[in-house]
Amino acid sequence: MRLLLLSCAALLALAVLSDARFHPRKGLAAGRQRKHKYQDEGEAFVVLVAGSNGWYNYRHQADVAHAYHTLRNHGIPEENIITMMYDDVANNPLNPYKGKLFNRPHGKDLYKGLKIDYKGASVTPENFLNVLKGNASAIDGGNGRVLETNENDRVFVYFTDHGAVGMISFPDGILTVKQLNDALEWMHKNKKYSQLTFYLEACESGSMFENVLRSDMNIYAISAANGHESSWGTFCENDMNLPCLGDLFSVNWMTDSDGEDLTTETLEYQYELVKRETNLSHVMQFGDKDIAKEAVALFQGDKEDREYTEDFGLTASKSVNWPARDIELNHLISQHKKSNDLTLSNKLEYKINRVKETRRAIKKNVHMIVDKLFEGESEDLISRVLTQSRPVLDLRCHHIAVNIFKKYCIDFNDYEYAMKYVKVINNMCFYRRIEEIILALPDICMDIDIEEEVAKRLEKDFL
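Letter by letter, the sequence shown follows residues -20 to -1, 1 to 443 of mature numbering (1 follows the signal peptide of the UniProt record, and there is no 0).
One or more hints might be untrue.
[Claimed, not checked] Each computed DSS-like pair below joins lysine-lysine, with the alpha-carbon atoms no more than 30 Å apart:
{"id": "1", "residue 1": "Lys169", "residue 2": "Lys273"}
{"id": "2", "residue 1": "Lys387", "residue 2": "Lys80"}
{"id": "3", "residue 1": "Lys352", "residue 2": "Lys387"}
{"id": "4", "residue 1": "Lys336", "residue 2": "Lys440"}
{"id": "5", "residue 1": "Lys171", "residue 2": "Lys99"}
{"id": "6", "residue 1": "Lys88", "residue 2": "Lys352"}
{"id": "7", "residue 1": "Lys113", "residue 2": "Lys169"}
{"id": "8", "residue 1": "Lys95", "residue 2": "Lys78"}
No lab work stands behind these hints: they were computed from the structure.
Kindly produce the complete structure, drawing on both the sequences and the hints.
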(Lines of atoms letter the chains of each structure in order from A and count residues from 1; the text may use other names and numbers.)
(Lines give C-alpha, C1' and ligand atoms only; values in the text may rest on other atoms or scores of the structure.)
Protein backbone atom coordinates (compact mmCIF):
# COMPACT_ATOMS: atom_id res chain seq x y z
CA MET A 1 0.00 0.00 0.00
CA ARG A 2 2.84 2.36 0.95
CA LEU A 3 4.56 1.60 -2.37
CA LEU A 4 1.31 2.32 -4.25
CA LEU A 5 0.91 5.70 -2.48
CA LEU A 6 4.52 6.64 -3.27
CA SER A 7 3.99 5.71 -6.92
CA CYS A 8 0.83 7.82 -7.13
CA ALA A 9 2.62 10.74 -5.51
CA ALA A 10 5.48 10.46 -7.99
CA LEU A 11 3.10 10.39 -10.95
CA LEU A 12 1.26 13.42 -9.61
CA ALA A 13 4.51 15.34 -9.21
CA LEU A 14 5.52 14.50 -12.77
CA ALA A 15 2.14 15.65 -14.06
CA VAL A 16 2.47 19.00 -12.28
CA LEU A 17 5.99 19.62 -13.60
CA SER A 18 5.27 18.53 -17.17
CA ASP A 19 1.92 20.33 -17.51
CA ALA A 20 2.89 23.98 -17.03
CA ARG A 21 -0.46 25.68 -17.43
CA PHE A 22 -1.26 29.34 -17.96
CA HIS A 23 -1.98 31.23 -14.77
CA PRO A 24 -2.62 34.98 -15.13
CA ARG A 25 -1.22 35.72 -11.65
CA LYS A 26 1.95 33.67 -12.07
CA GLY A 27 3.07 34.15 -15.66
CA LEU A 28 2.61 31.33 -18.13
CA ALA A 29 3.51 28.51 -15.79
CA ALA A 30 2.74 27.55 -12.23
CA GLY A 31 3.87 24.75 -9.96
CA ARG A 32 7.31 24.10 -11.40
CA GLN A 33 10.91 24.51 -10.27
CA ARG A 34 13.51 26.37 -12.28
CA LYS A 35 16.76 26.38 -10.35
CA HIS A 36 19.15 29.05 -11.53
CA LYS A 37 22.06 30.79 -9.88
CA TYR A 38 21.43 34.45 -10.61
CA GLN A 39 24.55 36.54 -11.07
CA ASP A 40 24.33 40.21 -12.00
CA GLU A 41 27.21 41.75 -13.92
CA GLY A 42 27.00 45.14 -15.58
CA GLU A 43 23.76 47.02 -16.21
CA ALA A 44 20.71 46.13 -18.31
CA PHE A 45 19.72 48.51 -21.12
CA VAL A 46 16.58 48.27 -23.23
CA VAL A 47 15.39 49.44 -26.67
CA LEU A 48 11.65 49.17 -27.39
CA VAL A 49 10.29 49.80 -30.89
CA ALA A 50 6.80 49.92 -32.37
CA GLY A 51 7.59 50.17 -36.06
CA SER A 52 4.15 51.07 -37.43
CA ASN A 53 1.57 53.82 -37.39
CA GLY A 54 -2.16 53.98 -38.13
CA TRP A 55 -5.28 53.06 -36.19
CA TYR A 56 -5.49 49.45 -37.36
CA ASN A 57 -1.96 48.84 -36.07
CA TYR A 58 -3.14 49.68 -32.54
CA ARG A 59 -1.62 46.50 -31.17
CA HIS A 60 2.02 47.41 -31.85
CA GLN A 61 1.96 50.56 -29.72
CA ALA A 62 -0.03 48.76 -27.03
CA ASP A 63 2.60 45.98 -27.03
CA VAL A 64 5.45 48.44 -26.54
CA ALA A 65 3.59 50.37 -23.84
CA HIS A 66 3.01 47.08 -22.01
CA ALA A 67 6.67 46.10 -22.37
CA TYR A 68 7.75 49.46 -20.96
CA HIS A 69 5.70 48.96 -17.78
CA THR A 70 6.73 45.31 -17.46
CA LEU A 71 10.40 46.26 -17.47
CA ARG A 72 9.98 49.30 -15.22
CA ASN A 73 8.07 47.21 -12.70
CA HIS A 74 10.91 44.70 -12.67
CA GLY A 75 13.35 47.44 -11.81
CA ILE A 76 14.85 48.59 -15.12
CA PRO A 77 15.51 52.33 -14.56
CA GLU A 78 13.70 54.81 -16.78
CA GLU A 79 17.06 56.17 -17.94
CA ASN A 80 18.05 52.71 -19.21
CA ILE A 81 15.05 52.36 -21.54
CA ILE A 82 14.82 53.96 -24.99
CA THR A 83 11.36 53.87 -26.59
CA MET A 84 10.40 54.47 -30.21
CA MET A 85 6.69 54.84 -31.00
CA TYR A 86 4.89 56.93 -33.62
CA ASP A 87 2.30 57.86 -30.94
CA ASP A 88 -0.73 58.37 -33.15
CA VAL A 89 -3.02 55.82 -31.51
CA ALA A 90 -3.78 56.87 -27.93
CA ASN A 91 -5.20 60.23 -29.06
CA ASN A 92 -6.43 59.05 -32.45
CA PRO A 93 -9.88 60.46 -33.41
CA LEU A 94 -11.11 56.86 -33.74
CA ASN A 95 -10.10 55.98 -30.17
CA PRO A 96 -13.17 55.91 -27.91
CA TYR A 97 -10.80 55.93 -24.88
CA LYS A 98 -8.92 59.17 -25.45
CA GLY A 99 -5.36 59.18 -24.17
CA LYS A 100 -5.41 55.49 -23.25
CA LEU A 101 -3.92 52.24 -24.56
CA PHE A 102 -4.90 48.68 -23.65
CA ASN A 103 -3.14 45.39 -24.36
CA ARG A 104 -6.03 43.19 -23.23
CA PRO A 105 -9.78 43.81 -22.85
CA HIS A 106 -10.49 46.12 -19.91
CA GLY A 107 -6.89 45.92 -18.76
CA LYS A 108 -4.80 48.69 -17.28
CA ASP A 109 -4.22 51.92 -19.16
CA LEU A 110 -0.69 51.49 -20.51
CA TYR A 111 -0.29 54.99 -21.90
CA LYS A 112 -0.21 56.47 -18.42
CA GLY A 113 3.39 56.88 -17.27
CA LEU A 114 4.85 55.84 -20.64
CA LYS A 115 8.00 57.73 -21.66
CA ILE A 116 8.58 57.96 -25.42
CA ASP A 117 11.95 59.13 -26.76
CA TYR A 118 11.27 59.02 -30.50
CA LYS A 119 7.86 59.93 -31.93
CA GLY A 120 6.37 60.56 -35.35
CA ALA A 121 8.87 61.15 -38.14
CA SER A 122 11.81 60.31 -35.85
CA VAL A 123 10.76 56.61 -35.75
CA THR A 124 13.07 55.55 -38.57
CA PRO A 125 15.32 52.58 -39.33
CA GLU A 126 18.32 54.92 -39.40
CA ASN A 127 17.59 56.26 -35.91
CA PHE A 128 16.99 52.74 -34.63
CA LEU A 129 20.38 51.54 -35.89
CA ASN A 130 22.12 54.64 -34.53
CA VAL A 131 20.44 54.13 -31.15
CA LEU A 132 21.81 50.58 -31.06
CA LYS A 133 25.30 51.68 -32.05
CA GLY A 134 25.33 54.64 -29.67
CA ASN A 135 25.86 57.05 -32.56
CA ALA A 136 24.25 60.22 -31.13
CA SER A 137 25.76 62.52 -33.77
CA ALA A 138 23.80 60.78 -36.55
CA ILE A 139 20.39 60.93 -34.82
CA ASP A 140 17.70 62.97 -36.58
CA GLY A 141 14.84 64.06 -34.32
CA GLY A 142 13.60 62.64 -31.02
CA ASN A 143 15.44 63.52 -27.84
CA GLY A 144 18.73 62.14 -29.14
CA ARG A 145 19.12 59.37 -26.58
CA VAL A 146 21.21 56.37 -27.65
CA LEU A 147 22.64 53.30 -25.94
CA GLU A 148 25.73 54.26 -23.96
CA THR A 149 26.83 50.73 -23.19
CA ASN A 150 30.11 48.91 -22.75
CA GLU A 151 31.41 45.35 -22.79
CA ASN A 152 30.01 44.64 -19.31
CA ASP A 153 26.40 45.61 -20.04
CA ARG A 154 23.47 43.56 -21.27
CA VAL A 155 21.08 44.80 -23.93
CA PHE A 156 17.46 43.76 -24.47
CA VAL A 157 15.77 44.76 -27.76
CA TYR A 158 12.05 44.27 -28.35
CA PHE A 159 10.66 45.17 -31.77
CA THR A 160 7.05 44.77 -32.93
CA ASP A 161 5.67 45.61 -36.36
CA HIS A 162 4.91 44.24 -39.83
CA GLY A 163 7.50 42.00 -41.40
CA ALA A 164 8.36 40.06 -44.52
CA VAL A 165 11.10 37.73 -45.70
CA GLY A 166 14.30 39.42 -44.57
CA MET A 167 12.61 42.72 -43.79
CA ILE A 168 10.82 44.63 -41.04
CA SER A 169 8.93 47.86 -41.46
CA PHE A 170 8.95 51.36 -40.01
CA PRO A 171 6.27 54.05 -40.55
CA ASP A 172 8.13 55.55 -43.53
CA GLY A 173 10.93 53.12 -44.18
CA ILE A 174 12.13 49.53 -44.08
CA LEU A 175 14.98 47.68 -42.41
CA THR A 176 16.52 44.70 -44.18
CA VAL A 177 18.18 41.67 -42.66
CA LYS A 178 21.49 42.92 -44.05
CA GLN A 179 21.19 46.26 -42.26
CA LEU A 180 20.22 44.66 -38.96
CA ASN A 181 22.92 42.02 -39.14
CA ASP A 182 25.57 44.60 -40.06
CA ALA A 183 24.59 46.69 -37.03
CA LEU A 184 24.68 43.71 -34.66
CA GLU A 185 28.08 42.65 -35.98
CA TRP A 186 29.34 46.21 -35.53
CA MET A 187 28.07 46.27 -31.93
CA HIS A 188 29.83 42.98 -31.23
CA LYS A 189 33.09 44.09 -32.83
CA ASN A 190 33.06 47.37 -30.91
CA LYS A 191 32.19 45.70 -27.59
CA LYS A 192 28.90 47.47 -27.01
CA TYR A 193 27.52 44.68 -24.83
CA SER A 194 28.44 41.52 -22.98
CA GLN A 195 25.23 39.77 -24.06
CA LEU A 196 22.30 40.91 -26.20
CA THR A 197 18.81 39.43 -26.39
CA PHE A 198 16.42 40.35 -29.23
CA TYR A 199 12.66 39.58 -29.20
CA LEU A 200 11.09 40.19 -32.62
CA GLU A 201 7.34 40.27 -33.30
CA ALA A 202 6.53 40.35 -37.03
CA CYS A 203 5.33 38.18 -39.88
CA GLU A 204 8.10 35.91 -41.17
CA SER A 205 10.30 37.29 -38.38
CA GLY A 206 12.47 34.17 -38.27
CA SER A 207 13.91 35.20 -41.64
CA MET A 208 15.72 38.11 -39.95
CA PHE A 209 17.97 35.63 -38.15
CA GLU A 210 17.80 32.26 -39.94
CA ASN A 211 21.17 31.28 -41.46
CA VAL A 212 22.36 34.84 -40.72
CA LEU A 213 22.81 35.44 -36.99
CA ARG A 214 26.13 33.96 -35.94
CA SER A 215 26.32 31.94 -32.75
CA ASP A 216 29.63 33.49 -31.68
CA MET A 217 28.46 37.08 -31.12
CA ASN A 218 26.84 36.65 -27.68
CA ILE A 219 23.40 37.38 -29.16
CA TYR A 220 20.27 35.35 -28.49
CA ALA A 221 17.17 36.05 -30.61
CA ILE A 222 13.57 34.88 -30.38
CA SER A 223 11.09 35.44 -33.22
CA ALA A 224 7.29 35.30 -33.11
CA ALA A 225 7.13 33.21 -36.29
CA ASN A 226 9.38 31.20 -38.56
CA GLY A 227 10.70 32.57 -41.84
CA HIS A 228 7.61 31.90 -43.98
CA GLU A 229 4.49 32.34 -41.86
CA SER A 230 2.34 35.08 -40.39
CA SER A 231 2.42 36.30 -36.84
CA TRP A 232 -0.96 36.80 -35.15
CA GLY A 233 -2.87 39.60 -33.49
CA THR A 234 -4.75 38.75 -30.32
CA PHE A 235 -7.85 39.96 -28.45
CA CYS A 236 -9.20 40.91 -31.89
CA GLU A 237 -12.90 40.54 -31.18
CA ASN A 238 -13.38 42.68 -28.08
CA ASP A 239 -16.29 44.58 -26.59
CA MET A 240 -14.26 47.83 -26.47
CA ASN A 241 -14.75 48.51 -30.21
CA LEU A 242 -10.97 48.50 -30.69
CA PRO A 243 -8.78 46.72 -33.26
CA CYS A 244 -6.65 43.77 -32.10
CA LEU A 245 -5.25 44.86 -28.74
CA GLY A 246 -1.97 42.96 -28.90
CA ASP A 247 0.13 40.40 -30.71
CA LEU A 248 -0.06 36.79 -29.57
CA PHE A 249 3.66 36.16 -29.05
CA SER A 250 4.16 39.56 -27.40
CA VAL A 251 1.28 39.31 -24.97
CA ASN A 252 2.45 35.84 -24.01
CA TRP A 253 6.04 36.76 -23.13
CA MET A 254 4.92 39.86 -21.24
CA THR A 255 2.21 38.00 -19.34
CA ASP A 256 4.86 35.52 -18.24
CA SER A 257 7.34 38.23 -17.26
CA ASP A 258 4.67 40.21 -15.39
CA GLY A 259 4.02 37.43 -12.92
CA GLU A 260 7.44 35.88 -12.43
CA ASP A 261 10.46 36.17 -10.19
CA LEU A 262 12.75 36.68 -13.17
CA THR A 263 15.87 35.94 -11.16
CA THR A 264 14.91 32.26 -11.15
CA GLU A 265 13.37 31.91 -14.61
CA THR A 266 15.74 31.31 -17.51
CA LEU A 267 15.35 32.68 -21.03
CA GLU A 268 15.12 29.09 -22.25
CA TYR A 269 12.23 28.41 -19.90
CA GLN A 270 10.41 31.54 -21.03
CA TYR A 271 11.00 30.58 -24.66
CA GLU A 272 9.55 27.09 -24.15
CA LEU A 273 6.51 28.43 -22.33
CA VAL A 274 5.81 31.15 -24.86
CA LYS A 275 6.38 28.75 -27.76
CA ARG A 276 3.75 26.40 -26.35
CA GLU A 277 1.24 29.18 -25.65
CA THR A 278 1.75 30.87 -29.04
CA ASN A 279 -0.20 28.16 -30.79
CA LEU A 280 -0.75 29.73 -34.23
CA SER A 281 2.83 30.36 -35.32
CA HIS A 282 6.18 28.73 -34.68
CA VAL A 283 8.19 30.72 -32.15
CA MET A 284 11.88 30.24 -33.00
CA GLN A 285 15.24 30.83 -31.30
CA PHE A 286 18.54 31.74 -32.93
CA GLY A 287 22.11 32.69 -32.17
CA ASP A 288 24.02 31.86 -29.00
CA LYS A 289 21.70 29.46 -27.21
CA ASP A 290 24.02 29.29 -24.21
CA ILE A 291 22.62 32.70 -23.28
CA ALA A 292 19.22 31.01 -22.92
CA LYS A 293 20.56 29.45 -19.71
CA GLU A 294 20.78 32.93 -18.17
CA ALA A 295 18.10 34.40 -15.93
CA VAL A 296 15.50 36.57 -17.65
CA ALA A 297 16.22 39.16 -14.95
CA LEU A 298 19.60 39.97 -16.48
CA PHE A 299 17.74 41.52 -19.42
CA GLN A 300 14.30 42.43 -18.05
CA GLY A 301 15.04 43.45 -14.46
CA ASP A 302 15.63 41.70 -11.15
CA LYS A 303 12.95 43.26 -8.97
CA GLU A 304 10.21 40.79 -7.99
CA ASP A 305 7.22 43.09 -8.35
CA ARG A 306 3.88 41.67 -9.39
CA GLU A 307 2.06 44.95 -8.96
CA TYR A 308 1.31 45.14 -12.67
CA THR A 309 -0.03 41.58 -13.02
CA GLU A 310 -3.71 41.36 -13.83
CA ASP A 311 -5.97 38.43 -13.07
CA PHE A 312 -8.04 37.74 -16.19
CA GLY A 313 -9.55 34.39 -17.07
CA LEU A 314 -9.16 34.81 -20.84
CA THR A 315 -5.71 33.96 -22.12
CA ALA A 316 -4.43 35.40 -25.40
CA SER A 317 -4.35 32.00 -27.12
CA LYS A 318 -8.02 31.38 -26.21
CA SER A 319 -9.18 34.76 -27.52
CA VAL A 320 -10.06 35.59 -31.14
CA ASN A 321 -6.75 35.81 -33.03
CA TRP A 322 -6.25 37.00 -36.60
CA PRO A 323 -3.29 36.76 -39.02
CA ALA A 324 -1.42 40.06 -38.88
CA ARG A 325 -1.96 40.97 -42.55
CA ASP A 326 -5.72 40.40 -42.29
CA ILE A 327 -6.36 42.49 -39.19
CA GLU A 328 -7.57 45.68 -40.91
CA LEU A 329 -9.86 43.76 -43.26
CA ASN A 330 -11.24 41.47 -40.56
CA HIS A 331 -11.85 44.41 -38.21
CA LEU A 332 -13.79 46.26 -40.90
CA ILE A 333 -15.84 43.15 -41.72
CA SER A 334 -16.59 42.65 -38.03
CA GLN A 335 -17.73 46.26 -37.65
CA HIS A 336 -19.86 45.97 -40.77
CA LYS A 337 -21.65 42.90 -39.41
CA LYS A 338 -22.42 44.68 -36.14
CA SER A 339 -23.57 47.96 -37.72
CA ASN A 340 -27.26 48.92 -37.70
CA ASP A 341 -26.58 52.37 -39.20
CA LEU A 342 -27.08 52.46 -42.99
CA THR A 343 -24.67 55.36 -43.57
CA LEU A 344 -21.94 53.76 -41.47
CA SER A 345 -22.61 50.39 -43.08
CA ASN A 346 -22.12 51.90 -46.56
CA LYS A 347 -18.86 53.55 -45.50
CA LEU A 348 -17.56 50.29 -44.07
CA GLU A 349 -18.58 48.38 -47.21
CA TYR A 350 -16.61 50.89 -49.30
CA LYS A 351 -13.52 50.50 -47.07
CA ILE A 352 -13.79 46.69 -47.25
CA ASN A 353 -13.97 46.76 -51.02
CA ARG A 354 -11.06 49.19 -51.17
CA VAL A 355 -8.88 46.82 -49.15
CA LYS A 356 -9.87 43.89 -51.37
CA GLU A 357 -9.27 45.80 -54.60
CA THR A 358 -5.89 46.99 -53.34
CA ARG A 359 -4.89 43.40 -52.65
CA ARG A 360 -6.06 42.34 -56.09
CA ALA A 361 -4.06 45.11 -57.76
CA ILE A 362 -0.91 44.29 -55.80
CA LYS A 363 -1.11 40.59 -56.68
CA LYS A 364 -1.78 41.34 -60.36
CA ASN A 365 1.21 43.66 -60.61
CA VAL A 366 3.58 41.29 -58.81
CA HIS A 367 2.65 38.57 -61.30
CA MET A 368 3.17 41.03 -64.16
CA ILE A 369 6.64 41.95 -62.86
CA VAL A 370 7.68 38.30 -62.60
CA ASP A 371 6.30 37.48 -66.06
CA LYS A 372 8.35 40.28 -67.62
CA LEU A 373 11.53 39.70 -65.61
CA PHE A 374 11.46 36.00 -66.49
CA GLU A 375 10.05 36.36 -69.99
CA GLY A 376 10.86 33.29 -72.08
CA GLU A 377 11.39 31.07 -69.03
CA SER A 378 9.28 27.97 -68.32
CA GLU A 379 5.97 28.20 -66.48
CA ASP A 380 7.47 25.92 -63.84
CA LEU A 381 10.28 28.39 -63.08
CA ILE A 382 7.87 31.33 -62.97
CA SER A 383 5.67 29.37 -60.57
CA ARG A 384 8.66 28.70 -58.30
CA VAL A 385 9.57 32.39 -58.26
CA LEU A 386 6.01 33.26 -57.21
CA THR A 387 5.48 30.57 -54.60
CA GLN A 388 8.69 29.18 -53.11
CA SER A 389 9.72 30.10 -49.56
CA ARG A 390 13.42 30.09 -48.74
CA PRO A 391 15.79 31.83 -46.31
CA VAL A 392 17.62 34.94 -47.43
CA LEU A 393 20.83 33.56 -48.94
CA ASP A 394 22.23 36.64 -50.69
CA LEU A 395 21.90 39.50 -48.21
CA ARG A 396 23.31 42.11 -50.58
CA CYS A 397 21.03 41.21 -53.48
CA HIS A 398 18.00 41.04 -51.19
CA HIS A 399 18.79 44.44 -49.65
CA ILE A 400 19.20 46.16 -53.02
CA ALA A 401 16.26 44.40 -54.69
CA VAL A 402 13.68 45.19 -52.00
CA ASN A 403 14.72 48.85 -51.99
CA ILE A 404 14.53 49.02 -55.81
CA PHE A 405 11.08 47.39 -55.66
CA LYS A 406 9.94 49.83 -52.96
CA LYS A 407 11.13 52.85 -54.94
CA TYR A 408 9.96 51.94 -58.44
CA CYS A 409 7.25 49.29 -58.08
CA ILE A 410 5.12 49.25 -54.90
CA ASP A 411 5.94 51.14 -51.71
CA PHE A 412 5.61 48.83 -48.71
CA ASN A 413 4.86 51.76 -46.43
CA ASP A 414 1.87 52.79 -48.55
CA TYR A 415 0.68 49.23 -49.10
CA GLU A 416 1.53 46.95 -46.17
CA TYR A 417 -0.05 43.95 -47.90
CA ALA A 418 2.70 44.09 -50.54
CA MET A 419 5.09 42.79 -47.88
CA LYS A 420 3.49 39.38 -48.44
CA TYR A 421 5.35 39.27 -51.78
CA VAL A 422 8.85 40.08 -50.54
CA LYS A 423 9.47 36.34 -50.75
CA VAL A 424 9.07 36.76 -54.52
CA ILE A 425 11.81 39.41 -54.53
CA ASN A 426 14.00 37.05 -52.51
CA ASN A 427 13.36 34.38 -55.17
CA MET A 428 14.37 36.84 -57.89
CA CYS A 429 17.80 36.98 -56.24
CA PHE A 430 17.99 33.20 -56.37
CA TYR A 431 17.34 33.00 -60.12
CA ARG A 432 18.75 36.32 -61.38
CA ARG A 433 21.90 38.39 -60.78
CA ILE A 434 21.35 41.64 -58.94
CA GLU A 435 22.64 43.61 -61.95
CA GLU A 436 19.78 42.23 -64.06
CA ILE A 437 17.22 43.12 -61.40
CA ILE A 438 18.56 46.66 -61.02
CA LEU A 439 18.34 47.25 -64.77
CA ALA A 440 14.94 45.60 -65.29
CA LEU A 441 12.67 46.66 -62.41
CA PRO A 442 12.51 50.44 -63.01
CA ASP A 443 11.38 49.91 -66.61
CA ILE A 444 8.98 47.08 -65.79
CA CYS A 445 7.34 49.06 -62.99
CA MET A 446 7.16 52.38 -64.84
CA ASP A 447 3.40 52.32 -65.36
CA ILE A 448 2.31 50.77 -62.06
CA ASP A 449 -0.19 52.95 -60.20
CA ILE A 450 -2.01 50.96 -57.53
CA GLU A 451 -4.09 53.93 -56.42
CA GLU A 452 -5.36 54.63 -59.92
CA GLU A 453 -6.22 50.97 -60.54
CA VAL A 454 -8.15 50.73 -57.28
CA ALA A 455 -9.99 54.00 -57.92
CA LYS A 456 -11.14 52.82 -61.34
CA ARG A 457 -12.40 49.51 -59.99
CA LEU A 458 -14.25 51.17 -57.11
CA GLU A 459 -15.78 53.77 -59.44
CA LYS A 460 -17.06 50.96 -61.62
CA ASP A 461 -18.50 49.03 -58.67
CA PHE A 462 -20.02 51.88 -56.66
CA LEU A 463 -21.30 54.27 -59.36
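Status of each hint after checking the structure:
1. The suggested pairing of Lys169 with Lys273 holds, with an alpha-carbon distance near 23 Å, which does not exceed 30 Å.
2. Between Lys387 and Lys80 the CA atoms are separated by roughly 36 Å; this puts the pair beyond 30 Å, and the hint is violated.
3. With a C-alpha separation of about 18 Å, the suggested pair Lys352 and Lys387 falls inside the 30 Å cut-off, and the hint holds.
4. Using a Cα cut-off of 30 Å, the hinted pair Lys336 and Lys440 holds, with the two alpha carbons roughly 14 Å apart.
5. For the suggested pair Lys171 and Lys99, the alpha carbons sit about 29 Å apart, so the restraint of at most 30 Å is met.
6. For a cut-off of 30 Å, the pair hint linking Lys88 to Lys352 is broken: about 53 Å separates their Cα positions.
7. For the hint linking Lys113 to Lys169, the alpha-carbon distance of about 11 Å falls within 30 Å, and the restraint holds.
8. Restraint check for Lys95 and Lys78: the C-alpha separation of about 17 Å stays at or below 30 Å, so the hint holds.
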